[in-house]
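Enquirer: Generate coordinates for the entire structure from the input sequences, incorporating the hints supplied.
For the protein sequence lines, the chains are A and B, in the order given. Be aware that the first sequence starts at 1, since it is given in our numbering, and climbs by one per residue. Be aware that the second sequence starts at 1, since it is given in our numbering, and climbs by one per residue.
Check the hints yourself; a few may be wrong.
[Said to hold, decoys possible] Simulated DEER-style distance windows between Cβ atoms:
no., chain 1, residue 1, chain 2, residue 2, range
1, A, LYS282, B, GLY204, 46 to 52 Å
2, B, GLU56, A, LYS343, 51 to 57 Å
3, B, GLU56, A, GLN344, 27 to 33 Å
4, B, LEU76, A, ARG323, 45 to 51 Å
5, A, SER40, B, LEU76, 44 to 50 Å
6, A, ARG371, B, ALA278, 54 to 60 Å
7, B, LYS3, A, SER369, 22 to 28 Å
8, A, SER369, B, GLN247, 22 to 28 Å
9, A, LEU204, B, ASP251, 50 to 56 Å
10, A, GLY205, B, LYS3, 23 to 29 Å
Keep in mind that the hints were calculated from the coordinates and are not lab data. Built from N, CA and C at the ideal position, the CB exists for glycine as well.
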Amino acid sequence: MAKLNLNRMEMPRQDPEVRGRNFEEVALGYSWEQAKEEASRCIQCPKRPCIEGCPVQIDIPNFIKAIQQNDPAEAVNVLKNKNSLPGICGRVCPQETQCEAVCTLAKKGAPVAIGRLERYLADWERLNGGAKKPELAPSSGKNVAVIGSGPASLTAAADLARMGHGVTIFEALHVAGGVLMYGIPEFRLPKEIVQTEVNFVKTLGVDIRLDSVVGKMITIDELLSDGYQAVFLGTGAGLPMFLNCPGENLNGIYSANEFLTRVNLMKAYKFPEYDTPVKIGKHVAVIGAGNVAMDSARCALRLGAEKVYIVYRRSEEEMPARREEVENAKEEGIEFRLLTSPKQFFGDEKNQVKAMECNQMTLGEPDESGRRRPIVKPGSEFTLDVDVVIVALGTTPNPLVASTTPGLQTTRHGTVVADEMVGKTVKDKVWAGGDIVTGAATVISAMGAGKRAAADINRFLGETNRS
Amino acid sequence: MYKILLKEDLVPNIHLLKIDAPAVARKAQAGQFVVIRVNEKGERIPLTIADWDREEGSITVVFMEVGTTTHRLAQLGAGDFLASFIGPLGQPTHIDKYGTVVCVSGGFATAVIMPIAREMKAAGNRVISILGARNKALLFWEDKLRSVSDKLIVTTDDGSYARKGLVTEPLKELLEGSEKVDRVIAIGPSIMMKFCARTTQPFGVKTIVSLNPIMDDGTGMCGGCRVSVGGQTRFACVDGPDFDGHQVDWDLLFARQRVYLNEEKDSFEKWKCACSEAEAKAAR
Ligand SMILES: Cc1cc2nc3c(=O)[nH]c(=O)nc-3n(C[C@H](O)[C@H](O)[C@H](O)COP(=O)(O)OP(=O)(O)OC[C@H]3O[C@@H](n4cnc5c(N)ncnc54)[C@H](O)[C@@H]3O)c2cc1C
Ligand SMILES: Cc1cc2nc3c(=O)[nH]c(=O)nc-3n(C[C@H](O)[C@H](O)[C@H](O)COP(=O)(O)OP(=O)(O)OC[C@H]3O[C@@H](n4cnc5c(N)ncnc54)[C@H](O)[C@@H]3O)c2cc1C
Ligand code: SF4
Ligand code: FES
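Expert: Quick look at the structure:
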């Protein structure tokens, strides 16, 4: 057997000193030579564990093989067979817990950089003429309303359109793309790439109606009696959680949702060219350590903060963010205050936050999430001077749709109850998938749910034809 | 894109726009609002629905020029388009047969209290309206409001028209008078709503106010609009905008409304510069 190559090809990136002050993409992507070199490390092992590690079972060894054989076009075909948004997934999927975690070479500490190759191919396709319009099945005469336009909805809509159904997306915001547009920042996922995918969905004949808040402007029941034979709910988990501790309503304290929406969707980083402002802190504390927290911290830095803290009550090991983004954040100079939990906030005479009292924590026995429970160290209070605080504790589904849709069932976490496999809710003709069902999760799991629901909706619409 | 069907200047700095938005018009109810964006680089701002026509498919809003977005909006006219028009948002004002309802309004809010007074009257209430303006030149819709009220009292701060003084004075007299007041609705500048609530509190008359914190999305996803009511944090865009005025933490509201004061000033200066440049160019 040929000797294993354990030199994982580094991703070229902007210099941390420079990128910490701009909103351009951090990771620059492989060149063709680099992609070839990295692809050549794949040993095409017979067990192919990577496929099982991928939530949508992309035929990874085969797309890598096509690169090895100098055929990027074929590689794209293999990739897109299972994943219609590779440019996005290649950039934001937590590969280190999915395909790359189980790659045979991971045992030697150097899994094939599957995500980077995926990204390379998507970019290659975009720069070389873009996606071919796939064949659409003949029109079924049936219409499906898809609510929301995040990855779950975009995937469901694209598949349903290919199957020949009329699809209308209703999106509350003035831009389509969900978290990909309003949450994940430009420097990690350029908005142009998201809009390329949105436009692709439009070329399949999907009608996207922006500025349409379902539950307010129109209800699910009205859609069902108004010419739609089925509804897919992909409204995500957009309701921010707060700490509920004293001082939390002071000026300068944001939910991550508000902060990121102002910065990414409304382009406050280009204020006053764009009208929407955001507070630029000198000393910024971000509470939490997931992707949302990393994104908030890195945005705050790029806006011009001198010091940005990540304040997290557990330890490094439990941090839920993508590994790569934690590394990026550290390189950029974000300061990690681990085993630290905020207790209260203090403001000045103008109600502007100026300091935050914290407790130090220790880790006890594992809790129901399997992670060790943080416990307050008595007498460990200390204060941090901060003028902007961003609370990134997570989100739950917005009750707006569920509360206006009789017959839907929700859990005590506000998620909509739906069949795990196909996304069917307990309400007739209504499916759901993505964060609205799972709570805040990942882009790829939302896409997978959209795909499975589309297949089941197609089956259902076919049956109604025969009866 | 949403077409402006009609523009009317009610007073020099308060304007009315009628907008083509059939889907919003189908659902609009008194007390709800819309979120608009003037153009692609514009901010999202909330405006209360002043009227609707389900048949024509239109919504009417009335706004006062205060900063960049509202000045930009004031430059548009019939035939122009808005980039976004989203609604109807928020909870409708609770309409019921209470008995005697006093509707107090000030500034641009005379327009937004119109549908509430009208619906209150239609629900069988005796409606007494109090309309306040800084001076005669800023007064509008007196007759319109009278047509849906059993009684109308007008005040001007400077006495240039009708009764001199603030709206709280006739409000207090009504509460002290022989007629039982069952409910008060007060809409206008925050400071006016606060003092109306303070006036009615000793009389124990339920007083509904329509809060106007800074909003982004208007659908409950950002929490920027949080207010404190009865010691609890609420999102004004989805839980309100109507709240019990006696329970509102007014100081918090005032402080949060001022969070971007400096940025708003910068933005407005830039807008004014751009405008005078454009004018100079046009003159050349
Ligand atoms: C800042 C941030 C960073 C993240 N980073 C990563 C990452 O690196 N990798 C990863 O895999 N995942 C990441 N995630 C998680 C991932 O983005 C989500 O799991 C995913 O977007 C969920 O997709 P969705 O389609 O279910 O919903 P969303 O993307 O949330 O889209 C829902 C859409 O529905 C719309 N909507 C809501 N209510 C209504 C209504 N009533 N009517 C009409 N439309 C409505 C919303 O406006 C939104 O556009 C991140 C999330 C955030 C917030
Ligand atoms: C539910 C609700 C209904 C409203 N209805 C009306 C109405 O019918 N007519 C009307 O004239 N005004 C109304 N307002 C107020 C209106 O939204 C603000 O005057 C407008 O946003 C000012 O924007 P600007 O850019 O012109 O001014 P700026 O210079 O940006 O701001 C001036 C002041 O307006 C407030 N403001 C700024 N941005 C926002 C925002 N995004 N959301 C809310 N307030 C903001 C702030 O307190 C600020 O200090 C309403 C506000 C709310 C919350
Ligand atoms: S597990 Fe790793 S080495 Fe094996 S086929 Fe997949 S990518 Fe190649
Ligand atoms: S405006 Fe964002 S939650 Fe109310």
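Enquirer: When the hints from earlier in the document are held up against this structure, which numbers fail?
Expert: Failing hints, ascending: 3, 5, 7, 8.
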